[in-house]
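There are 2 protein chains.
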Amino acid sequence: MDLPEQGPIAHQSAVFTDGLVLDCGQHLPSLTVAYRTYGALNAQRSNAVLICHALTGDQYVGETHPLTGKGPWWDHIVGPGRPVDTERYFVICINVLGGCMGSTGPMDDRAPGEAPWGADFPPITIRDMVRAQKRLIDHLGITRLFAVVGGSMGGMQVLEWAATYPEMVFAAVPVATAFYHSAQNIAFHEVGRQAITADPNFAAGQYYASGRTPKDGLAVARMVAHITYLSEEALSRKFGRKLQGTTRPTPHSLALFGDMFEVESYLQYQGNSFVNRFDANSYLAITRAMDQFDLASEYDGDLSRAFAGTRTRFCVISFSSDWLFPTHESRAIARALNKAAANVSFVEITSDKGHDAFLLDEPDLRRVLGGFLNGCALHAGLVEDDR
Amino acid sequence: MDLPEQGPIAHQSAVFTDGLVLDCGQHLPSLTVAYRTYGALNAQRSNAVLICHALTGDQYVGETHPLTGKGPWWDHIVGPGRPVDTERYFVICINVLGGCMGSTGPMDDRAPGEAPWGADFPPITIRDMVRAQKRLIDHLGITRLFAVVGGSMGGMQVLEWAATYPEMVFAAVPVATAFYHSAQNIAFHEVGRQAITADPNFAAGQYYASGRTPKDGLAVARMVAHITYLSEEALSRKFGRKLQGTTRPTPHSLALFGDMFEVESYLQYQGNSFVNRFDANSYLAITRAMDQFDLASEYDGDLSRAFAGTRTRFCVISFSSDWLFPTHESRAIARALNKAAANVSFVEITSDKGHDAFLLDEPDLRRVLGGFLNGCALHAGLVEDDR
Chain C
0 MDLPEQGPIA HQSAVFTDGL VLDCGQHLPS LTVAYRTYGA LNAQRSNAVL
50 ICHALTGDQY VGETHPLTGK GPWWDHIVGP GRPVDTERYF VICINVLGGC
100 MGSTGPMDDR APGEAPWGAD FPPITIRDMV RAQKRLIDHL GITRLFAVVG
150 GSMGGMQVLE WAATYPEMVF AAVPVATAFY HSAQNIAFHE VGRQAITADP
200 NFAAGQYYAS GRTPKDGLAV ARMVAHITYL SEEALSRKFG RKLQGTTRPT
250 PHSLALFGDM FEVESYLQYQ GNSFVNRFDA NSYLAITRAM DQFDLASEYD
300 GDLSRAFAGT RTRFCVISFS SDWLFPTHES RAIARALNKA AANVSFVEIT
350 SDKGHDAFLL DEPDLRRVLG GFLNGCALHA GLVEDDR
Chain Y
0 MDLPEQGPIA HQSAVFTDGL VLDCGQHLPS LTVAYRTYGA LNAQRSNAVL
50 ICHALTGDQY VGETHPLTGK GPWWDHIVGP GRPVDTERYF VICINVLGGC
100 MGSTGPMDDR APGEAPWGAD FPPITIRDMV RAQKRLIDHL GITRLFAVVG
150 GSMGGMQVLE WAATYPEMVF AAVPVATAFY HSAQNIAFHE VGRQAITADP
200 NFAAGQYYAS GRTPKDGLAV ARMVAHITYL SEEALSRKFG RKLQGTTRPT
250 PHSLALFGDM FEVESYLQYQ GNSFVNRFDA NSYLAITRAM DQFDLASEYD
300 GDLSRAFAGT RTRFCVISFS SDWLFPTHES RAIARALNKA AANVSFVEIT
350 SDKGHDAFLL DEPDLRRVLG GFLNGCALHA GLVEDDR
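Chains as they are written, first to last, in numbering that gives the first Met the number 0: chain C, 0 to 386; chain Y, 0 to 386.
A hint or two may mislead.
The list cannot tell twin chains apart, which means a pair is met if one copy fits it or any two copies do.
What the hints assert, rightly or not - In the SDA-like style, the derived pairs of lysine to any residue whose C-alpha atoms are separated by at most 25 Å in a straight line are:
hint, residue 1, residue 2
1, 133, 122
2, 237, 297
3, 133, 273
4, 237, 296
5, 69, 9
6, 241, 227
7, 237, 322
8, 237, 326
9, 237, 325
10, 237, 227
11, 133, 26
12, 237, 298
13, 338, 240
14, 237, 143
15, 241, 359
16, 133, 265
17, 237, 110
18, 241, 300
19, 338, 326
20, 69, 55
The hints are simulated quantities; they were obtained by calculation from the structure and are not laboratory data.
Let's have the full structure, built from the sequences with the hints guiding it.
Set out below in structure tokens:
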């Protein structure tokens, strides 16, 4: 298929007809927030855990994905008996503003009866995403989230939640993230954006009517991003220089070499499968939001001021081989929280799996996250001390 | 301009009408080797230094580039009074086989009167490049090179020279290189190749007739490669998160953000200027050659056997912040040379400039290289001991 087959999927969502005023000053006339929940909200409405997804993730954190048929994307973390235990917590996961899985984004019509926004979708920020999420949390009648948890761009949202709505966040777990996007990360994103906008099917972002999406450009964007998610060690262990005797799909390589390296075939698969579930304009809008993110700049350059007087309990987690969001960036968050006299623990988990580790079955991540949330649950009175 | 304006440039070259048999088994019916020389060959023909260029380099190592008008690409290293002193040495620099600056490559006609090779150019290896270079060295009447020096892909050629023609190499200096291309490096190259072949102008590699080159794809390939040449530190210091108030060239970004990050503008410049001097089919062929490179595999997996009995003097140089060819890969070369009882020194130069450091003015590189070559010149009898 060429365009994501979203027709048949009725994403669960809430619609806010008064829309949303964005950081850029523009007013979105209507706001749809698509989400999924798992477990039950308790009578006190005090056991809600918000999971924030990453750049290309979505709200289907705890179930089979309706488009790809793949299993839950954070299966090791969210579910019955898991660190984010759906038998104890009411888990909410929200498709970000600007996304393509039901929340308001570039695929939506600008106004009823008009063409889709496409590349004219207003620029959004991580704070805009969090504001949209808060609308849903308010709508669900939840005045305080027990925890906000997320990795990568999800971690940026965790930080923004804790800074913007401190009284609403009892515990915050930013994983494999940073309080600003580095020059190198911006550069990698820009390569992906150039690949998308260079695709003739992009048609200045108005490709929905033609049915021809810029899938080649989007696949290249996904491929370059995917390399940054892995460590050199992980790539070497997984593929090394192993050859694969398949015929390559591009004319050039058929002529040049009959064999290809397994890592090439893997990347091509990653690129090609991605385009069937993701919208290129969403990719542009969300990568822009990540690049713009600089939480300290919202507080006169002093990150600790973002957390002044906070009573939120923080657990900051990084992975040793993550070169996209290296440990020193997590340490800077922990330092700022210390300066703000916040309750914070910081853990660097030893792993050779790179940034991807936060999505994989890392026993240490399960242990650290589970232990931290259990302790917080005790303090929040969600569970009784059975020692 | 769209196609490199190569018409008016008469590259200095030698033509070998018997052609060249390649590693893949194919026979190139004719071989042209384009080159430049600097300094004078002495009467004993013993003072020749071969400089091997990197992926996108060329033979214009010591003079203004005829296409770009830029200065010599290794100005700090090659020239009068420089470490590779053109007042003492006869310096030769050769456009690699598969290149686009005069040596036989994809831009050449398959046979007189036929269409250019394009993407049908036979797959080449680093060893094929070195074999082509040896033809020129023989042609110049040089039986032993005083030194072979090169960085990155140039370093791969240095290693291949020392392994394949040990009696012809008195001294060898592989800089910022490896004896095999890693899975991560193959992956980054593959992203570039996908960007090129996805460009509709690529036309299965037969774009010369149309005059429309796959410049958007080639620019993306250059951009992603360029990120890997720099360190995170260098990017942060150079650009950080500084914004630039220019209008962006793509429609998407005009709508999304008026400002762009300086690093984006820089990358776009790098990508766009590259396409005016480089051929996309050459980029495909040469990146393939680098990816295929695995010197140990030519010697039953034991790199030390590549250098068995060698009398060449080696100086292996790496840079501390180079993550494309990290120090541990240079150390592996030094270890294999030690195992082969070769004369080897190994230096890791502290620099925060990433892989790019080998092309920049690094005083330590000048000192190490100059000192090593001076010592070798003494042993080779090129200069008298004036102590």
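What hints, given by number in increasing order, does this structure fail? Hints 3, 14, 16 and 17 not satisfied by this model.
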